[in-house]
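Engineer: Now for the letters of each chain:
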Amino acid sequence: MSYPLVRKRVIDWLDDQYHFGDAEKLIRNDEASFLDGGVLDSLGFVQLCLFLEKTYRFKIDRKSLTRENFDSLGKIVRYVIGHKDFKGAA
Amino acid sequence: MTPAIVFSPEPLLVERSNLSLFARYWSAKRGASFADNVDLYRESVRDAKGFWNAFVESSGIQLEGDTSVVWEGSTVRDAHFFPNAKLSFAANLLTPQRPAFRTSGGNLQWVDPNDPAVISVDETGRVETLTRRELEERVRRVAQALKDRGIGVGDRIFGLCRLTASTLVAHLATLAVGAIWSSAAPDMGIELLIARAGQIAPRLLFVDATYPYHGLGRDNRERIAEITGRLPTVERVVVLDNHSIQTNGPQVESFSTLLLSPSLSGPFETFSFNHPALILFSSGTTGLPKCIVHGAGGTLLEHLKEHQLHCNVGPGDRVLYHTTTGWMMFNWLVSALAAGAAVVLYDGSVSHPEPDALFRRVSEQGVTVFGTSPAYLQYCRDAGVCPRETLPLNKLRLLLSTGSVLFESLFDWVGENVGNLPIHSISGGTDIVGCFVLGSPNAPVYRGESPAISLGLDVRAAVSTPRGVEIQGLPSEGNITGELVCPTPFPSRPLGLFGDSDGSRFEAAYFSDHLGVWTHGDTIELTSRGTARILGRSDGVLNVRGIRIGPGEIYRVVELFPEVAACCAIEQKAPGEPGGSRMVLLVQMAPGANLSRPLTLKIKKELSTRASAAHVPAAIVQVSDLPKTHNGKLSERAARDAANGEPVKNRSSIKNTACLDEIAVHPDITAARSET
Numbered sequence: 001m002s003y004p005l006v007r008k009r010v011i012d013w014l015d016d017q018y019h020f021g022d023a024e025k026l027i028r029n030d031e032a033s034f035l036d037g038g039v040l041d042s043l044g045f046v047q048l049c050l051f052l053e054k055t056y057r058f059k060i061d062r063k064s065l066t067r068e069n070f071d072s073l074g075k076i077v078r079y080v081i082g083h084k085d086f087k088g089a090a
Numbered sequence: 001m002t003p004a005i006v007f008s009p010e011p012l013l014v015e016r017s018n019l020s021l022f023a024r025y026w027s028a029k030r031g032a033s034f035a036d037n038v039d040l041y042r043e044s045v046r047d048a049k050g051f052w053n054a055f056v057e058s059s060g061i062q063l064e065g066d067t068s069v070v071w072e073g074s075t076v077r078d079a080h081f082f083p084n085a086k087l088s089f090a091a092n093l094l095t096p097q098r099p100a101f102r103t104s105g106g107n108l109q110w111v112d113p114n115d116p117a118v119i120s121v122d123e124t125g126r127v128e129t130l131t132r133r134e135l136e137e138r139v140r141r142v143a144q145a146l147k148d149r150g151i152g153v154g155d156r157i158f159g160l161c162r163l164t165a166s167t168l169v170a171h172l173a174t175l176a177v178g179a180i181w182s183s184a185a186p187d188m189g190i191e192l193l194i195a196r197a198g199q200i201a202p203r204l205l206f207v208d209a210t211y212p213y214h215g216l217g218r219d220n221r222e223r224i225a226e227i228t229g230r231l232p233t234v235e236r237v238v239v240l241d242n243h244s245i246q247t248n249g250p251q252v253e254s255f256s257t258l259l260l261s262p263s264l265s266g267p268f269e270t271f272s273f274n275h276p277a278l279i280l281f282s283s284g285t286t287g288l289p290k291c292i293v294h295g296a297g298g299t300l301l302e303h304l305k306e307h308q309l310h311c312n313v314g315p316g317d318r319v320l321y322h323t324t325t326g327w328m329m330f331n332w333l334v335s336a337l338a339a340g341a342a343v344v345l346y347d348g349s350v351s352h353p354e355p356d357a358l359f360r361r362v363s364e365q366g367v368t369v370f371g372t373s374p375a376y377l378q379y380c381r382d383a384g385v386c387p388r389e390t391l392p393l394n395k396l397r398l399l400l401s402t403g404s405v406l407f408e409s410l411f412d413w414v415g416e417n418v419g420n421l422p423i424h425s426i427s428g429g430t431d432i433v434g435c436f437v438l439g440s441p442n443a444p445v446y447r448g449e450s451p452a453i454s455l456g457l458d459v460r461a462a463v464s465t466p467r468g469v470e471i472q473g474l475p476s477e478g479n480i481t482g483e484l485v486c487p488t489p490f491p492s493r494p495l496g497l498f499g500d501s502d503g504s505r506f507e508a509a510y511f512s513d514h515l516g517v518w519t520h521g522d523t524i525e526l527t528s529r530g531t532a533r534i535l536g537r538s539d540g541v542l543n544v545r546g547i548r549i550g551p552g553e554i555y556r557v558v559e560l561f562p563e564v565a566a567c568c569a570i571e572q573k574a575p576g577e578p579g580g581s582r583m584v585l586l587v588q589m590a591p592g593a594n595l596s597r598p599l600t601l602k603i604k605k606e607l608s609t610r611a612s613a614a615h616v617p618a619a620i621v622q623v624s625d626l627p628k629t630h631n632g633k634l635s636e637r638a639a640r641d642a643a644n645g646e647p648v649k650n651r652s653s654i655k656n657t658a659c660l661d662e663i664a665v666h667p668d669i670t671a672a673r674s675e676t
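Those protein sequences? They're chains A and B, same order as listed.
In this text, residue positions in the first sequence follow my numbering: the first is 1, and each later residue adds one.
In this text, residue positions in the second sequence follow my numbering: the first is 1, and each later residue adds one.
Calculated from the structure, these hints are not laboratory results.
All values derive from a computational prediction rather than experimental measurement.
Mixed in with the good hints, there may be bad ones.
What the hints assert, rightly or not - What the simulated footprint calls covered on chain A by chain B, stretch by stretch (three residues with Cβ under 8 Å from a Cβ of chain B suffice, anywhere in the stretch; the number is not a length):
#1 26-35
#2 73-87
As the list claims (entries may be wrong) - Label pairs and their in silico Cβ distance ranges:
#3 A:Gly88 <-> B:Pro591: 22 to 32 Å
#4 A:Leu26 <-> B:Ala201: 50 to 60 Å
#5 A:Ser2 <-> B:Thr210: 39 to 49 Å
Stated by the list, open to error - So, partial list: chain B residues that the calculated Cβ filter (under 8 Å) puts toward chain A:
#6 Lys147
#7 Ser351
#8 Asp382
#9 Pro598
For glycine and all other residues, C-beta sits at the position ideal for the given N, C-alpha and C.
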C-alpha cells in the first residue's frame, strides 16, 4: 500500500521542482535511470534527499546516496519504504 | 557581541603580503604610517585621491599619459577617473608588470611567457592549457580577424558561450580592438537573452553550438537560429566550438578560421581610461534589464586592487571562480591575469561525475584561490561532501564566496570540511563590477562577517534615526545597520546605461533614493572593527540561490495568464533553503478564477521555459489582494516584510494594509520561516 503513496509524493515533488506536470511522462517506467533520462541531476538528488528526510522524518546516510539506491523512481520508493525509521506513507 | 574569530593570518604572511608592502609604499610617500588595517581603510577614504594615485604608481597598471588628475567632477554621479590617461585593457591582462611596491627581493622577471595563463577544464575531464605567450598570440590573431571584418571601437559583441579558453580569447580580442563585450551562458532562456542582447544591438555573436551539462551534451543550434533571427543587427556569427550551424541571415564562421588570421602586430592600441569595455545586465523591479556600461580603466583598476591587495594574488597563483559567462564574476576572474595569476575556467556541473566534482578540479589543478557561492557550499554540506578527507587541497590558501549571504553555519562547515584557511564573504555586484566588502590578507575572519571594506571606496550605511535618515561611515564603536550607500567617487562606477541618452534611468536606478549618493540596494552592517555584514537586499530585487532576478522578468511571463489578475514576487527568508531564502509568487486571481495545482504547474513551466529555472518560484500562493501604495504602485518591500514576519517599514505608505496581515499569517508562507 505504501508504494503508490510514496511514489505519488516523489512525482509531485519532481513536478513542483523540475518538470512542472511532465514528470510522469519523462520517467517512462519506474526502473528507468533518472540520471540517464535527465530526470534529475546530482544536485537534484541532494534536494530530493532533503525532501524525503523532511517528509518522512528520518535521516538518509549520504553514503547511501548511490545509483544502486536512488537512480530510478522504483529504487527511491523502495529505499524509502525499506528505511528502518519509515513509519508509513500517509 | 563580537563574533568568534574563525581564522587568523600568520604574522609572517602578513608581513610579506601585497597589502603590507603597498601600505609601506604609501606610508613612505605620505610620510606617516598606519596604525592598523582599519586606519589604512579610513585613510584610503579620507584621502581617496592620494590612495588611488599611490596605487596607480605602484601596482604595475600600465597607463599612458597624464595621471596627475585622479578624477574630475565633484560627485560620485559625475566624476570620471584619470580623464587624461589611456590604456589597453587587453595588454594589461596579457602582459602584466611587476608592481613597484614589490621591488625588493624575489625574481626580477614578473611573469614568464611560458607560464600557464589559462587552464580550461570541463566536466568531461578535458583540459586545455595556454601559456601567456600562446594566449597573447591567439588574442592577436582573433583581434586582427575582427579588425579585418570591420569590427572596431564601440561595436558591441555578444557572447552566448561556455566558460572556455576560446571564450577568453574572444573576450580579450574584443577588448584589444576597442569593441564592447557582453555575454551570457548558453542555457539562458530566449526571452531573457533577447531582452538583453536586443537592447545593445550587437554586430557580432560568439556562440557555442553545444555544451555539456551533467553528462548530457546539449545542442544549442535551434536556439541560436531563433536568436539570430530576432537580433537584426547581427551581421556575423562565430562558432567557438567549430560546429556547423544555420542562421537566417548572418554570415557564419568557425572560430578556427579566425585563428588562421595573421597576428596583430605592434603594441596593442590604447584607448581612453573611460573607454566603454563591458556591458553587464542587471534586473530591476520594473522594466527591461539595465544595460550597465563599464569603462576599461575603472574596471581594471578596481579589479587589480581587489586581486592584489585584498586577495594577495600574484604570479604562481591559480584562481578559479565558479561562474558562467553571464555573471560579473567572469569579468572579475579574467582580471586576475593582470595580477600575474593563471585563471582556471571550469565549465560544467559542480557535481558530475562525482558529487565533489568541483572541489576535485580545484585539487587537480592546484588552485590557490577558489571562489564559489553559499548555495554551492550548502550543497556540499547537504550532500555530505568532505573535501578535506578525500582530496589533497594543500595548495588552496583562500576561499571566496559571493552571490548571497554566507551564514555562520557555513563558516563552520568550511573550517571542519575544507581546512584551516580564510573564507572571505565578498559582496558588490554587477552594478559596480566589483566589491564593496571583501577580505584582507592581514585581517582575521570573524564568523559571519566580511573581513574588510574595499580600499578607497567610501562605504556607508544610510541609517534611520529619530532625526531622520543619516549617512554614517564606520562607527567608532559598536555596529550600525542601514542601506548601503557610497557618497564619493569610485573608479568602477558605471559610465551609464546603454541607450539611456539623457541619463534619467541611470539617475533613477542609483541616485534617487538618497539624492546624489550611490544607493546600492543592499542592507549592510558596519562594525568598528572595519568588518561588514551584508544582510540582504533593501529593495524589491530578488536574490535566489545567488542569482539576482528582477520581479519584472517574472511579471512579464505571468501576465500571459488571464486567470491571474496581478502578482507580486518576493524573496522570503527560509533558513531551510539553499542560500537561506526562497522566492514566493503571490497571486491575486481574476474574478471567478482559482489557483489550482495544474495552473500552478503551468505558470512554473512557462517561467522555466521563457525565463530560466532560477525564475521558478518555490511557492505560488493565492491571496485576496496585493499591497499597493497610495499612488497605486505595487510594493514588493511591504509584501516581503510581511512574509518575513517583520514590521512593514513602509506600512504608512500602503493603502490596503489588510492584505499585509493576510500574507503574514498565510500557512504556505509561515511554514518556511520555521524550517531549518
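Engineer: Hints first: check each against the structure and report whether it holds.
Structural biologist: Verification of the supplied hints:
With a cut-off of 8 Å between beta carbons, the region 26-35 of chain A has 1 residues touching chain B; three or more are needed, and the interface restraint is violated. Chain B is given as covering the region 73-87 of chain A, and this is violated because 0 residues of the stretch bring a CB closer than 8 Å to a CB of that chain, at least three being needed. Taking the beta carbon of each, Gly88 of chain A and Pro591 of chain B are about 42 Å apart, not inside 22 to 32 Å as hinted. The hinted range of 50 to 60 Å is not satisfied by Leu26 of chain A and Ala201 of chain B, whose Cβ atoms lie roughly 39 Å apart.
Range check, Ser2 of chain A to Thr210 of chain B: Cβ separation about 43 Å, and the 39 to 49 Å hint holds. The criterion of a C-beta within 8 Å of any C-beta in chain A is not met by Lys147 of chain B, whose closest approach is roughly 42 Å, and the hint is violated. For Ser351 of chain B, the interface hint holds, the least distance from its beta-carbon to any beta-carbon of chain A being 4 Å, beneath 8 Å. Look at Asp382 of chain B: its Cβ gets to within about 5 Å of chain A, closer than 8 Å, so that hint holds up.
Given the 8 Å rule on beta carbons, the hint for Pro598 of chain B holds: about 7 Å separates it from the nearest Cβ of chain A.
When held up to the earlier numbered hints, the structure conflicts with 1, 2, 3, 4, 6 and fits the remainder.
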